[in-house]
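Asker: Chains as they are written, first to last, in the working numbering: chain A, 62 to 515; chain Z, 849 to 974.
Please note that the accuracy of each hint is not assured.
Said to hold, decoys possible - Below, a sample of chain A positions facing chain Z; criterion: calculated Cβ distance under 7 angstroms: (1) Asp268; (2) Glu368; (3) Asp440; (4) Asp443.
Claimed, not checked - Rough simulated footprint, nothing fancy, chain A against chain Z, three-plus residues with beta-carbon under 8 angstroms: (5) 867 to 879; (6) 883 to 891; (7) 902 to 910.
Hints are computed from structural coordinates only; laboratory data are not their basis.
The beta-carbon is built from N, C-alpha and C at its ideal position, and this holds for glycine as well.
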Amino acid sequence: MQNLKTVDFGVAFTLTRPAPADYEDKDGNTQTAAANEPRFNYSNGVAQGLLLNASLSETAAIDDVPAFNASAGHWVIDATFDGSEPLKGMGLYEQFVGSGRMVVSYSGGTAKVWAGGQAIHTVGSYTSAEPTHICEGGMATIGGLTYKPSAISDADAAALATGDFEIYVPFSPSQLFSEGQQGAWYDPSGLATLFQDAAGTIPVTSDGDPVGLMLDRSKGLELGPEQAPDPGDPFTDVSGFSAPNSTVSIVDGWLAQENTGGFGRVEYSFSVTEVAAIVCNYRVQGGTASCNFRVTHSADGIIFNPEYVAGVDSGNVTARIITNPGTITISLVNRSGSSGTTCKARLLSAKKLPGNHATQSVSASRPIYKTTGLLQQYDSVDDAMNVTLPSIPAATVITAKATGVEVQYPVDLSAGSYTTNASHSGIIIREGQLSASEEQDAINYLSTQQGVAP
Amino acid sequence: MKQAEYTHTVTIAVPTALIDDTNHLALLLGESSADIKTFQQPTYTDGTTEYAVAHTVVKPVFLEPTQTGTLPETPPHAEGLLDREAAQRAFDTLNTSGGLLMATDVDPHEQFAAWGLEPIPSEEPI
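So that you can see chain Z by itself, here it is in the shape it has in the complex (with noise of 0.2 angstroms):
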């Protein structure tokens, strides 16, 4: 068996505010076209702010720009469809005070809660 590429996990919360702009993101440092909508509805809040999640393995490619400031080329899946300058917006919000928060190598779970989120709850059927 080949030796894992996926490395790490991410997880992230992104407040509703900030989604279109991540999506963004999400679209320029993954690895499909689909993934502009990797970030829809918001299931998590902290009393005052809802964010949509996400945990997901990646390659260290991905954490690449965490350390270098700097984003990436423009991959032949995002082209066509990529807002760079939305892709900054977010990347220039990461873990800063309102914006979007992400984490590596932690149980997701774990970690929404401690960054004070929990779960939005279903609607129940009446």
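Chain A extracted, bound-state conformation (with noise of 0.2 angstroms):
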């Protein structure tokens, strides 16, 4: 190979450890090794240097990997990743899985990392690591390791790399969803995902809190495109809103509305096709007459109807309102039928966000958020919490109980709703019926939650 240069080990970099850890001598005892003192493990059978093996009880990783240059060289490492933590050390924030040779090159400021004969990640604005541990922990055997500050071409670091390894992803309950199918997932571990008021107005944050929104995870959280045709903060537009019974003009960067009599406001539509959450960013100020930010369904009527202001603004709101499908009217309200009277907006935008979400409107009957025991408590009196949901007629509903994992299958959900009463730390609702290994993987890691059984 061309560019390389060997250099004795410590030439390159010096490996420390500055605790004492495990090691298995040769004949099969459990040995203790003093700081910075060379292990050779014999639980494979041969002696095998053990840089990094939690197994064995390590408590310290390597420290001080040395700064090395990002733009020429690379690492060759004999390894076996079975959960390990990222190698960090060598620039890479991604867990890997596999045994065997792994080359990671560095050229230009592009890391490659290349298992099998070929690439299998490259981290293209590579920035140079902190020295640092190479590894975390997690179950990581160092067999050998080898940094040669030299570059090393794709075609002799792939000659290089026989090992088997891939990037390792931890299982998420979203996977089940990844193909489209109908159902939910209700994390109440994710503060984000959890509202007090069923608008989705004032977030939980604190153990006591009651819950009166929580957001479904199975569509990924991920927003909508804007449905205003200028969400404004601020507006320069407002050619695309309808304004019955009033005139509409734009005052440093507000949109003013002043009423030319009767039921005056400023508004816009569109349609939802989908049972989803819209959420709602609006910043509304009164000015001679009081206003507010209303949402209207076509067939339910009004849905999110906040207190009117006067003669103040009611700064930026966020609001996350539960909607069947049919056509949504967000409108700046002018509640004055008088001509002349005024008020304004500076936000008034409307995204959707997808997602089976589940809600309770009735103060008394939300259950609560608790940071000890199971996550999501109900009072077994009149606490529920339900979602509209399509019709599944055979449904996995997997619950994560304080007496374990509970797996349900085939639930009619043909109905298209769904209540649940029980104290919880995680809900995840499928159409149809998992694989042994997906049930696996959602046990697992429901399992894993606070105040669950193992």
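Each chain sits in its own coordinate frame; assemble them with the hints.
Answerer: So this is what it looks like as structure tokens:
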């Protein structure tokens, strides 16, 4: 190979371990090596230089990996990775699984990971890692580790990289919905998905807060495109709005409405084809009239109608309004019917948030968020969370309970609704029966949630 | 994590005859227009009277009327829905004989038993 320079192990870098660690000697006995003392582990029947091995009670990772040349250098690693942490000391923030020989090459600010004769991962804008641990833990056995401060060609790296490795992607329940399957995933460990009110304006932040809205994570919590012709903040063009009984102009970035008599408002509409949340960001200010931000559904009528503001600024407000399919109208409403009265808005945004989100609009019937025991606790009196779902004749429902993870199949959800009224730390609802591996992955995942018996 | 605002719990039992009035009280003291539907079907009985029940966390402000004897101003969420007279009627029966029952910071099921209430058996499918 060209451009390679062989140097002594200690010339390339120095490895230290700040604390004692265990290893298995040739007689099969567990021994403890002092700090910085090399270990040779015989657990596989042959002497193996043991740099990291959590299975033998490794308590300290290798420290002081030197800064290395990210423009021209490479590592050659003989290792077994099984649930190991990312190789941050090499500037890699992914987890790998597999065994054999891996090569990591650096060239011109790009890092490539090679295995099985090909590049399995590329870091396009590699930043030289700070000297740190190579790997901070997990099941990693590194039998040999060589760094050479010289470039290596792709062909040479591929030839050297004979091991079998791949990037390890931890299981997430979202994988159960990756092909558009219907259902829901409620994760009460994620405070970002919990709100005290059904309209989603007040986040859950404290132990004991009630939960009125629990967002469904099965669709990825990805906001859809902006629905407003101009969301504002500041407004630049109001030509896309309709303005019944109103004249509209822009003043200093605000949308200014003036009543011409009757029910004055400025609004826009869009259609919703499946049950979803509409995430609204608004800021309105009453002028000579009180006004508010209103959401109306073509069949259900007014579905969000917060307090009117008169002469004051509402400030920026975010609401999450659950809606059925239909036409949604977003309005800045002037409460006065009198000609010449005014109000204005700085922000009138609406975006769809797909998912089967669960709500409880009656204050007394909301479950509570807890930081001890199960994450979402119901009082066994009147608490319940409700969700409208597409009709699912045979669903799998997996619930993280204090007694363990419960799997139910088939559950008839053909009525298009589901109510939960028992304490839990997570629920997955999915159409159809899960495969054995999917079910086991889901059980393993939920069994790690707070308060769930293993 | 912020300090909790919901620092109390209340347990409430409402005789069937007072359900409508008490729902207006719930609307007045609650946080949502949907609170007009707080009490619906009775699920407990003392042998002669049936009760609808609720148990919930509340902020200290919820308990102020029980200390001052005065109901609060109508909140925005209750405008157009609230019958203040009905709410006052319900409030006036609080913890009186035949009136609505309320206890603070207790286990709801123990309190139902202390009030002599038992769950109404649900009908089993044939």
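Asker: Each of the hints needs a verdict: does it hold here or not?
Answerer: Hints, one by one, checked against the model:
Annotation: interface hint on A:Asp268 holds; nearest CB of chain Z at approximately 6 angstroms, less than 7 angstroms. Below 7 angstroms, beta-carbon pairs count as interface contacts, and A:Glu368 has one with chain Z at about 4 angstroms; its hint therefore holds. Against a cut-off of 7 angstroms between C-beta atoms, the interface hint on A:Asp440 holds, since the closest Cβ of chain Z lies about 5 angstroms away. Evaluation of the A:Asp443 hint against chain Z yields a held restraint, the C-beta minimum of about 5 angstroms falling below 7 angstroms.
Restraint check on the stretch 867 to 879 of chain Z versus chain A: 3 residues with Cβ-Cβ distances below 8 angstroms, three needed, restraint holds. Figure legend: the stretch 883 to 891 of chain Z, annotated as covered by chain A; annotation consistent (3 residues with Cβ-Cβ distances under 8 angstroms, at least 3 required). For the stretch 902 to 910 of chain Z, the proposed coverage by chain A is satisfied: 4 residues have a C-beta within less than 8 angstroms of a C-beta in that chain, meeting the threshold of three.
In terms of the numbered hints stated before, the structure departs from none.
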